[in-house]
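Engineer: Could you build all of it, start to finish, from the sequences and the hints given here?
For the protein sequence lines, the chains are A, B, C and D, in the order given.
For the first sequence, position 160 matches number 160 in the working numbering, and the numbering has no gaps at all.
For the second sequence, position 88 matches number 88 in the working numbering, and the numbering has no gaps at all.
For the third sequence, position 90 matches number 90 in the working numbering, and the numbering has no gaps at all.
For the fourth sequence, position 42 matches number 42 in the working numbering, and the numbering has no gaps at all.
Please note that a few of the clues may not be correct.
To give a feel for the contact side, a few chain D residues facing chain B, derived at Cβ under 10 Å [to be verified]:
no.	residue
1	LEU9
2	ALA12
3	ALA30
4	VAL31
5	PHE69
6	ASP72
7	PRO91
8	GLY111
9	GLN221
10	LYS223
11	PRO249
12	VAL276
With a cut-off of at most 25 Å between alpha-carbon atoms, the simulated SDA-like pairs for lysine to any residue come out as follows [stated by the list, open to error]:
no.	chain 1	residue 1	chain 2	residue 2
13	B	LYS467	C	GLY129
14	B	LYS396	A	THR170
15	C	LYS102	B	GLN4
Bear in mind the hints are in silico, worked out from the structure with no lab data behind them.
Glycine residues also receive a C-beta, built at the ideal position from the N, C-alpha and C atoms.
Chain by chain, the residues run as shown.
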Amino acid sequence: MSHYIFLLVGAVLVNNVVLVKILGLCPFMGVSKKLETAYGMGAATTFVLTLATGSSYIIDHFLLMPFGLEYLRTLSFIVTIAAIVQLTEMVIAKTSPTLQQTLGIYLPLITTNCAVLGVPLLNVANGYDFVESLLYGAGSAVGFSGVLILFAGIRERIEGADVPTHFRGTAIALVTAGLMALAFMGFAGLDKYQ
Amino acid sequence: MLSQLFKFHGGVKPASHKDLSNQAPIVTAPLPSRLIVPLHQSIGGTPRPVVAVGDRVLKGQLIGEADGWLSAAIHAPTSGTVVEIAMHTRPHPSGLSSQCVVIEPDGRDEWIAHGPADYAAMTPADICSYLQRYGIVGLGGAGFPTHGKLTANPKVAMAELIINAAECEPYITCDDRLMRERAEEIVRGTAIFRDMLKPQKVIIGVEDNKPEAIAALCAAVTALAEPFTVVPVPALYPAGGAKQLIRVLTGKEVPGAMRSTADMGVQVFNVGTAYAAWRAIGHGEPLISRVVTLTGNVRQAHNVEALIGTPMDELLRLASPNPDTDGIIMGGPMMGFLVPDETAPIVKTSNCLIAHSARLFPPKAPEMPCIRCGACARACPHELQPFELYWHSRAKDFGKTQQYHIFDCIECGCCSFVCPSRIPLVQYFRFAKSEIWAREREKKASEEAKQRFEFKQFREEREKADKAEKLAKAAAAQAAKKAAEAAAAAGGTVAAEAPAAAGDDPAAAAKKAAIAAAMARAKAQREAVQAKNTDELTPQQAHEMAAIEARRAAAGVSEAPAASTDSRTE
Amino acid sequence: MDILLAIAIMALGALVLGAALGFSSIKFKVEGDPLVEKIDAILPQTQCGQCGYPGCKPYAEAIAKGEADINLCPPGGMEGVQRLADLLGREVKALEAEEKPKQVARIDENTCIGCTLCIQACPVDAIVGAAKQLHTILTQQCTGCELCLPPCPVECIHMEVVPETLDNWKWKYPVVSIHPASPVASPEKEAA
Amino acid sequence: MFAPAPFLLKDASVSQVMTQVCLALIPGIAVYAWLVGPAILVQLAIASFTALLAEAAILRLRDKPLALFLSDGSAVVTAWLIALTFPPLAPWWLVATGTLFAIVVAKHLYGGLGQNPFNPAMVAFAVCIVAFPALMSQWPSIGLKLPLLDQLNIIFGLAPRVDALSGATPLDAMKTALKLGEGQVNVAHLLENQDIYGNFAGRGWEWVTGAYLLGGLWLWQRKLITWHAPLAFLAAMVLISGGLWLYRPESFASPLFHLLSGGAMLGAFFIITDPVSGCTTPRGKLIFGFGAGLLAYIVRVFGGYPDGVAFAVLLMNLSAPLIDRLTQPRIFGMKEGRP
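Structural biologist: Right under this line is the structure:
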């Protein structure tokens with residue numbers, strides 16, 4: 001049990017997918033200007049990422065491995081993720097047009113969110129079983145969403161700050177992300193303690 | 001007796017400086033050289049002038065007729081000649097002008113025939129229109145027509161009638177002196193309000209730094225055997241804000257979004273208003289003068305009974321201002337404003353003139369960035385987060401300011417008072433508020449424009465259809481004619497079908513036109529209904545506007561000593 | 001053989017996913033385009049055509065389709081561009097034309113010949129008058145679109161800046177501020 | 001030119017606030033200097049000098065009034081907090097680098113005073129401990145009080161950094177003990193025998209933290225800080241450390257030890273009460289303080305770095321805007337207010 005907890009804590013905090021693994025920076029920078037959008041993007045990514053890790057595992061173990069087609073891993077993962085994203089987009093368009101609009105281009109772009117591909121591949125590399133994969137996926141997704149939402153909160157405040165002209169916008173956002181990563185380094189070693 | 005007093009959050013205790021002017025009795029100001037009476041002195045419609053240039057008017061004669069329900073009449077403050085009806089600078093932070101009637105006094109101060117009203121025979125509706133015709137408005141600062149507040153909300157039983165005698169702003173003592181000298185008339189005026197609103201309780205709230213006034217009021221209440229309670233409230237700025245006073249006396253909190261305190265079963269009137277109402281009913285005198293405190297950088301601070309329309313500089317001279325006076329603040333030092341033009345006249349809501357000097361009010365230190373220390377939030381009587389409001393107002397992020405309830409701000413100035421960074425917070429909030437209002441206006445205008453545009457397009461379509469129909473009819477007629485000719489030539493049944501076939505088209509076109517016309521009617525109806533809706537809203541909006549105007553009236557822009565910039569430029 | 005198997009498996013996967021997507025595209029079909037309405041709500045509805053489209057709605061449609069840029073509306077000003085950019089997640093651009101203060105048209109009563117041409121041009125019916133009669137402009141309704149200027153044969157219409165009155169007076173931004181204001185209003189705000 | 005109301009102002013200013021914060025630090029500094037030697041004063045001077053220099057340079061670059069902002073005292077407060085959190089015998093360039101980073105990146109890139117989302121002093125500490133872990137862990141043993149000249153030589157790199165300096169702090173010792181595992185070293189036993197490890201009322205760091213507590217209480221009494229954040233911070237520390245201590249006293253140190261060691265008191269009263277980077281609503285402050293206390297304990301006990309206060313504060317800093325938004329207090333006349 002404690003093994004799973006540490007895995008989860010590790011995925012959320014210690015090896016935070018954005019701030020430590022530096023994956024998924026595109027939506028992290030792009031959809032963090034407003035809290036509302038960040039909530040939406042976080043939810044969408046959590047959904048996609050968890051689903052993607054699960055289905056990738058199934059595809060990997062029941063379709064690719066039995067036939068020795070591991071070399072098709074990246075390709076088939078991408079296709080699966082793309083389909084899931086498409087599905088999510090349709091559901092969101094139906095249920096919440098405003099969310100779809102605020103997420104804008106970033107919703108279809110979850111497809112190319114490297115975190116979404118990266119986490120299933122890391123799962124394979126780490127040799128996680130199905131439950132572990134799902135946990136790691138969900139943990140990474142929660143870590144991503146959490147950091148995204150916190151970041152959006154900070155950016156909304158920085159929006160009103162008197163930032164030097166040349167640092168306005170993405171520049172100061174990147175500096176902030178760097179300082180956030182610095183703060184997250186404080187978690188280093190937590191997952192090792194058992 | 002009322003046993004329990006409540007507290008409101010925050011508040012500040014600036015030095016009161018009231019003893020400068022509260023020692024001397026009220027004196028009647030001499031007639032000024034001329035009187036500039038603005039027509040628009042209260043919230044609501046601008047009264048229509050009913051005199052012409054050259055007319056001779058008597059003291060108390062109607063010169064501006066109330067325009068609409070939410071408006072109050074304007075009267076000649078003295079006898080004389082109307083010399084001008086023109087734009088003059090208003091006592092307003094903008095320094096803009098509005099329509100004024102200028103009267104040159106003839107020195108005789110001759111009253112128009114007047115006498116007490118037959119109060120016993122008057123119905124509440126009569127009293128309302130009487131007060132409106134006699135120009136009675138709230139004298140506390142907002143200038144809301146009094147009859148508007150006396151029309152009680154039929155749905156909510158009136159629990160408390162509060163007479164606001166807190167007078168919490170520093171320097172101002174006009175209500176204090178009024179209570180000391182004319183307590184009986186105040187109590188009689190209060191009785192009128194009581195008769196109108198039929199509240200369960202009548203409370204007169206006075207800040208406890210005015211013991212003489214409290215004593216005078218108590219004596220008057222006992223003498224007249226009225227069941228009113230005079231309650232001393234702790235002196236804490238802004239205890240005299242209507243909502244704060246309600247909170248202190250009754251424990252009720254009136255939300256900022258609520259248009260009228262009557263919805264909570266409370267109504268508040270200023271002491272001066274009660275006095276003015278009694279002068280109107282008991283003596284037949286319209287509101288043509290008021291008590292004004294002259295104080296600040298002057299040698300003889302005192303209160304005067306001044307005619308509405310007296311130019312401020314002329315009035316302030318009565319208190320012999322010191323030579324280093326460099327401006328006049330109308331209202332108190334917390335919410336007043338430096339008048340942009342010192343020849344602007346006294347209006348019904350001018351309670352105090354403070355001679356401004358750099359010695360008395362040192363120029364502000366340069367504004368520093370906000371350090372979010374939260375002193376403002378601790379001082380805010382409305383429990384807002386002024387630093388957040390400031391942050392977003394400064395960045396012109398008005399949506400966020402509304403999320404942080406900017407319209408609940410009463411602009412009392414407590415936040416600016418305590419701010420260690422000396423940020424003119426209230427100024428930022430006023431800026432944000434007026435930007436939001438402007439935006440609303442623009443939005444309304446653009447919606448209207450859109451409707452009109454769509455209607456025009458629709459009309460053009462219809463006209464085109466009409467034209468097409470006419471053409472079709474003409475063509476059909478022509479075809480029929482030809483067919484008839486052909487029939488005449490050939491005879492037979494074939495010809496009979498032709499006009500019918502030709503007639504098909506015009507029929508369809510006519511049908512189309514009919515549909516279009518019906519749609520137009522429906523649309524017009526819809527629009528009519530909408531228009532009606534907005535008509536109905538108007539009094540409520542007017543209420544809102546009232547609140548807005550009140551804050552505006554209490555606000556200040558002006559020229560200031562340039563010293564505050566000096567230290568910024570290294 | 002291996003390659004055939006691989007192709008078969010990938011094809012199978014594609015088939016399954018395709019079927020799922022096809023099914024959900026029917027199940028979750030969305031009607032209409034609420035975006036146009038939202039854009040239209042931001043536009044000032046002057047119907048002036050300065051954007052090159054016949055009215056605000058067509059311009060809104062063009063923006064929604066991605067055919068038009070968001071900086072073509074001078075009456076909306078920089079603020080309109082900003083709000084469009086926020087709505088659409090596009091980059092803020094400087095206005096194509098210069099921003100003008102709000103104006104209304106005014107007819108010179110001495111020169112008007114009552115030709116009704118301006119009445120036809122006005123998109124919001126803000127000009128009243130009849131043939132050979134003096135025309136006048138309903139200032140309240142005028143959007144300042146300037147569409148009535150070109151048709152007038154005697155050039156009797158001119159634009160006037162709306163004066164500041166007590167009704168439209170605004171509190172100014174506090175000028176004692178030490179730091180330059182608002183990064184929000186500046187065009188160099190990032191795109192993302 | 002505007003001269004908006006109110007025309008009366010209370011006598012308060014930013015520099016008054018900052019001066020009082022500095023004053024409140026003085027008892028702590030005095031005890032520090034008495035225990036460790038005058039090196040700390042040198043470090044304070046280095047940090048202040050660097051901070052003011054950096055501040056002046058940036059203000060110059062940004063065309064802001066130099067005198068006004070230099071005299072507000074905020075840079076000095078940051079500098080002092082940096083000097084007090086760094087090891088007293090750290091090389092001068094380490095302190096200078098940290099200060100420079102704090103003032104330039106953490107403060108002025110965001111627009112300067114009042115606009116930084118992260119506490120500059122804690123950013124400096126975190127940057128330096130990540131970049132120079134060894135140097136940042138060399139704490140002198142308290143008993144070893146070198147003369148001023150030797151201390152100066154060490155700070156300015158003129159003398160070799162003797163091994164004797166790098167005595168482990170109490171926290172280090174405890175953590176090592178914990179890492180070694182059960183049965184190997186008994187934490188309670190370890191701490192008992194070494195009064196320099198902060199055994200209560202011995203001659204150790206607890207005197208410094210106690211002096212900080214004193215300064216903090218004074219700040220609270222002056223109404224410059226409210227009780228919410230410090231109390232929540234200390235409560236969180238007591239709760240988690242107390243719980244674990246009762247659960248396994250041989251592996252975990254007592255709450256008293258945790259309260260009196262490392263940056264706990266400095267953090268509770270001087271760092272998490274920074275209104276700029278912290279929470280401002282009452283409930284927000286409670287959450288902020290509690291979160292910081294919890295994280296500080298977790299990082300200092302289970303994490304990889306000697307003390308957790310800096311990381312805990314930074315982590316809470318980055319959550320502060322969100323917490324503030326979610327904990328907006330109700331406003332006058334409203335049942336519950338939340339933007």
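Engineer: With reference to the structure, classify each hint as holding or not holding.
Structural biologist: Hint check results:
1. LEU9: Cβ of LEU9/D sits 6 Å from chain B, so the hint holds.
2. ALA12: Holds: closest Cβ of chain B sits about 4 Å from ALA12/D, inside 10 Å.
3. ALA30: 27 Å, violated
4. VAL31: The hint is violated - VAL31/D has no Cβ within 10 Å of chain B, the shortest such distance being about 28 Å.
5. PHE69: Nearest chain B Cβ about 8 Å off; hint holds.
6. ASP72: Given a least distance of 7 Å, the restraint on ASP72/D holds.
7. PRO91: 32 Å, violated
8. GLY111: 8 Å, holds
9. GLN221: 16 Å, violated
10. LYS223: 9 Å, holds
11. PRO249: Given a least distance of 40 Å, the restraint on PRO249/D is violated.
12. VAL276: Holds. Min distance 5 Å.
13. LYS467/B x GLY129/C: 22 Å, holds
14. LYS396/B x THR170/A: 20 Å, holds
15. LYS102/C x GLN4/B: Between LYS102/C and GLN4/B the Cα gap is close to 55 Å, so the pair fails against 25 Å, i.e. violated.
Taken one by one, the earlier hints fail for this structure at numbers 3, 4, 7, 9, 11 and 15, listed in ascending order.
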